[in-house]
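Chains A and U supply the protein sequences, listed in that same order.
Here the first sequence is numbered in my numbering, starting from 1 and rising by one per residue.
Here the second sequence is numbered in my numbering, starting from 1 and rising by one per residue.
One should not assume that every hint holds.
Which copy? The list can't say, so a pair holds if one copy fits it or any two copies do.
As the list claims (entries may be wrong) - Each computed EDC-like pair below joins lysine to aspartate or glutamate, with the alpha-carbon atoms no more than 16 Å apart:
1. Lys178 with Glu149
2. Lys152 with Glu130
3. Lys178 with Glu153
4. Lys23 with Glu89
5. Lys178 with Asp162
6. Lys178 with Glu28
7. Lys152 with Asp192
8. Lys135 with Glu24
9. Lys47 with Asp162
10. Lys156 with Asp192
11. Lys112 with Glu149
12. Lys189 with Asp160
13. Lys185 with Asp162
14. Lys4 with Glu184
15. Lys152 with Asp194
Hints are computed from structural coordinates only; laboratory data are not their basis.
Protein chains: 2
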Amino acid sequence: MKDKGFLVVISGPAGTGKGTVVKELAKENNVEVSISATTRAPRGNEKDGVEYHFLSRGQFESIIENDGFLEYAEYCGNYYGSPKKQAEEWISAGKDVILEIEVQGFEKIKKKNPECISIFIMPPSFKELERRLRKRATDSEESILKRLERAKEEVKIASDYDYIIVNGSVEKCAADIKSVLYAEKLKSKRFDVDSMF
Amino acid sequence: MKDKGFLVVISGPAGTGKGTVVKELAKENNVEVSISATTRAPRGNEKDGVEYHFLSRGQFESIIENDGFLEYAEYCGNYYGSPKKQAEEWISAGKDVILEIEVQGFEKIKKKNPECISIFIMPPSFKELERRLRKRATDSEESILKRLERAKEEVKIASDYDYIIVNGSVEKCAADIKSVLYAEKLKSKRFDVDSMF
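With the rest of the complex left out, here is chain A (with noise of 0.2 Å):
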């Protein structure tokens, strides 16, 4: 436990910026991003290792086999996972790694690794966050609405989670989540009392 980094699991509802703050994080020296890995095709300029590691169905699912995923669902046909062994040793190494993934996928992250550090997003409001999924203006009024009413019922299971941080704005949510992986790293149970003596 002692020098290890944290398993910091973030989710909050699509358009609550999340993945802005998440960039901002992955600028400090001791954080690093996990990336998932997925059966999807790539789309557009999306580049294997970046976005995604794009694996194939058999690949995949060699590493369920293996336990080589700390949670992973099939969505549409195609799997998505986090994988373990880069997050274990960025850990290992006391690096802090955050995994940005949905509600569902914290549940099982959560029965597993129950020492993880899991913070959930909010948005200011249910109007800001409309707002912020209208300014996007990639998507149809349909999918604004389903997103919303997808984002009701999430923030209905951020209790669950050990942190709640509006996302007001980037650099203050950053920070606020800074100062939780800084505080987290005073807990007692870090501190190992027989090296005093």
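Following the hints, put chain U in place on chain A, whose structure we already have.
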């Protein structure tokens, strides 16, 4: 829970400098320091309501009967206790209230107030603690050795506290405690999810 302050228990061996750290924290607007009550006589320039609330045995025992202490104990024929009313008023007003108490007092507080935040202030090393105790130059050699022995006993139960913070410098230690209190306010249980709807 939501907008209340915290009951913050701070303990640590004599000579660790926790008094100075608490004075530094007291400069914050939202922090109050609980003043203990005692039946011992004032010493030197001690003023009622500053170092202690000086009470008669009768007054003290009547407060005990009315469950008016967060914790109390009798040492060397004198009572010492942490008055409950003022602390609860501050906490309701959203202030964090610091109780600087002995490890024995902490165990009692923790039982009745499991939601308290407990911080053990650790000297950088026993060697440094000895140096600090000798620097005071108010204690006899016998008393210094006794305090060192006691410190070693106290440090062994440091892991019962939520946090262990090393006091290398007063400013750093006080800043670490402020980080802890800040992060604790981001805990999901303090967020009123219903307020989003």
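Right, here's what the structure says about each hint:
no.: 1; hint: Lys178 with Glu149; verdict: neither (30 Å within a copy, 38 Å between copies)
no.: 2; hint: Lys152 with Glu130; verdict: within (11 Å within a copy, 57 Å between copies)
no.: 3; hint: Lys178 with Glu153; verdict: neither (27 Å within a copy, 34 Å between copies)
no.: 4; hint: Lys23 with Glu89; verdict: neither (21 Å within a copy, 42 Å between copies)
no.: 5; hint: Lys178 with Asp162; verdict: within (14 Å within a copy, 19 Å between copies)
no.: 6; hint: Lys178 with Glu28; verdict: within (9 Å within a copy, 21 Å between copies)
no.: 7; hint: Lys152 with Asp192; verdict: between (42 Å within a copy, 14 Å between copies)
no.: 8; hint: Lys135 with Glu24; verdict: neither (21 Å within a copy, 46 Å between copies)
no.: 9; hint: Lys47 with Asp162; verdict: neither (33 Å within a copy, 44 Å between copies)
no.: 10; hint: Lys156 with Asp192; verdict: between (38 Å within a copy, 10 Å between copies)
no.: 11; hint: Lys112 with Glu149; verdict: neither (29 Å within a copy, 42 Å between copies)
no.: 12; hint: Lys189 with Asp160; verdict: between (22 Å within a copy, 9 Å between copies)
no.: 13; hint: Lys185 with Asp162; verdict: both (15 Å within a copy, 11 Å between copies)
no.: 14; hint: Lys4 with Glu184; verdict: within (12 Å within a copy, 21 Å between copies)
no.: 15; hint: Lys152 with Asp194; verdict: between (47 Å within a copy, 11 Å between copies)
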